[in-house]
Amino acid sequence: MHFIINGQNHALDLDSRTSLLDLVRDHLLLTGTKKGCNQGACGACTVLVDGERINSCLALAVQYQDRTITTIEGLVSANALHPLQQAFIEHDGFQCGYCTPGQICSAIGMMAEMEHGVPSAITADLAGETVQLTHDELRERMSGNLCRCGAHNGIIQAIQDSFAEGGDFKTNYPKEAAE
Amino acid sequence: MIAFDYTRPASASEAIAIAAKQAHAKYLGGGTNLIDLMRETIEEPTALVDVSTLSNTIDVRDDRILIGAGVKNTAVAAHRAIRERYPMLARAILAGASAQIRNMASVGGNILQRTRCTYFYDDAAHCNKRWPGTGCDARDGFNRNHAILGASPACVATHPSDMCVALAALDATVHLRGVDGDRTMKLIDLHRLPGGRPDIETELRQGELITAVELPSLPSAARSTYRKVRDRSSYAFALVSVAAALDVDDAGHIRDVRLALGGIAHKPWRAFAAEAALRGTPATQPNFRDAAEIELKDAAGLRDNTFKIELAKRTIVATLSELNGRDRS
Ligand SMILES: Cc1cc2nc3c(=O)[nH]c(=O)nc-3n(C[C@H](O)[C@H](O)[C@H](O)COP(=O)(O)OP(=O)(O)OC[C@H]3O[C@@H](n4cnc5c(N)ncnc54)[C@H](O)[C@@H]3O)c2cc1C
Ligand code: FES
Ligand code: FES
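Protein chains in written order, with my numbering: chain F, 38 to 216; chain V, 1069 to 1397.
Just so you know, these hints were derived from the structure itself, not from any lab. Just so it is clear, CB atoms sit at the ideal spot from N, CA and C, and this is done for glycine as well. Check each hint, because a few of them may be wrong.
[Stated by the list, open to error] If you want the footprint, here are the derived chain F segments under chain V, 3+ residues with CB under 8 angstroms:
(1) 80-90
(2) 119-132
(3) 138-147
(4) 151-159
(5) 174-180
(6) 184-195
[As the list claims (entries may be wrong)] Label-pair distances were calculated between CB atoms; the ranges are:
(7) A48(F) / R1251(V): 22 to 32 angstroms
(8) A1085(V) / Q132(F): 46 to 56 angstroms
(9) T55(F) / P1200(V): 25 to 35 angstroms
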């Protein structure tokens, strides 16, 4: 099976039962992505596939052959933290850090969704062209990522800060890795 | 999880042919329900036929919209024609699961997702759905999330889909393809009530593939919504949900109404009795309440879920009132 993970090509012989999560953690030793529940209920395993956020625990690797996958390790460029990683530090967006890689990948996928005008359950005007980056919108859109340490307020702050109006989230998008 | 062969056929016909050759084949959509069920050994397919890349378009016509079974839930909810013409469907989908899961889940898989009854998942429990004839531990157990309408002595599980509740209200049709050819079926006829055989959940034939869902023209659905009541405000299954469309004339009388309930039965529950009671009557809260009473007349509560009967009534009234208020302004 062939995959493009964090910009690198990988060819592996895998049991068809292997999840995408176990592929990155156990076979490629990219242990940034975490296993929380292994059943889609926590978001710790969130990765980006062609720029879309998914739960890698509910994905079979075999389904994602030849796709472009980005994990938390793929966000760092030239040894510099991704701006969102920096913002998590500044806003105390974590305590133990277990949910953090999933939170950050999820936030990047979320911004791409907002850029494409995808509404959320609380978007009042479904016919609208754009979505506002309000606190409530972010809470709803990030609800697939639980934080047992309760750092949600810092997490939302960090996301709002680094993607705030005027700030161009497109430039924060992991371009090299996505190509 | 037992070992399985994986194939990704290039067409629906090829998928059906592959599945027909295997005794225990399963179609694979996003996998968000099936992979979980395979880990729990509730499902043990020996072959997975990946249909997630087939039927991947939304075809918009004036008189209908045809949504391919492989289209992701997010793509349906984000589609402009769906948001404008069938907002209840966009809202129902967005109220379900999380953004990550909606990015993975397909329309076909959402329709055929299985119950979240905890006894069904517990391999130490009695469950007629999982092992026919063993009994139902939910009946006298923790049954806060269970059915209040259409349940049977054998099973009190609910169907967990939000999307299907809107599809039921919208009179959606499901397009099917099998070894015997193509056929269509109303979404409300696809899922079954549990009766004595809760293990048989749908009217699908062995190896039949869902290829698309068709939404018929329904101008009144442009004013429609979905309201979901749950234990936390996001990322939780429904205790009760309501999909509704309301069309009121200038004199304040109900020209047409569509109503369906979720979280309360073994299948998405179209509220035909309430609709019939409402048509032609003034759009008032007392009439909404009377219609809700009629629909829930036969509702039966269990130890932990009797509150859902009143909750369902109030949610119907609140949802119709909201649409009525919007209509008036
Ligand atoms: C943590 C969590 C929370 C959730 N919360 C909600 C919620 O609040 N509301 C809600 O509605 N849902 C919720 N879900 C369920 C989710 O919506 C479903 O798992 C999803 O819709 C299933 O789609 P899929 O494509 O991944 O299906 P799969 O898992 O791929 O398949 C499900 C079933 O459908 C069959 N199938 C798939 N495609 C076809 C086809 N084209 N033809 C015939 N058979 C087919 C498969 O064989 C399988 O039996 C939640 C799930 C999780 C894990
Ligand atoms: S580990 Fe994937 S959602 Fe929890
Ligand atoms: S920082 Fe500990 S779980 Fe979120």
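Hint check results:
no., hint, verdict
1, 80-90, "holds (count 4)"
2, 119-132, "violated (count 0)"
3, 138-147, "holds (count 3)"
4, 151-159, "holds (count 6)"
5, 174-180, "holds (count 4)"
6, 184-195, "violated (count 0)"
7, A48(F) / R1251(V): 22 to 32 angstroms, "43 angstroms, violated"
8, A1085(V) / Q132(F): 46 to 56 angstroms, "54 angstroms, holds"
9, T55(F) / P1200(V): 25 to 35 angstroms, "33 angstroms, holds"
Going down the numbered hints, you'll see the structure goes against 2, 6, 7, while the others check out.
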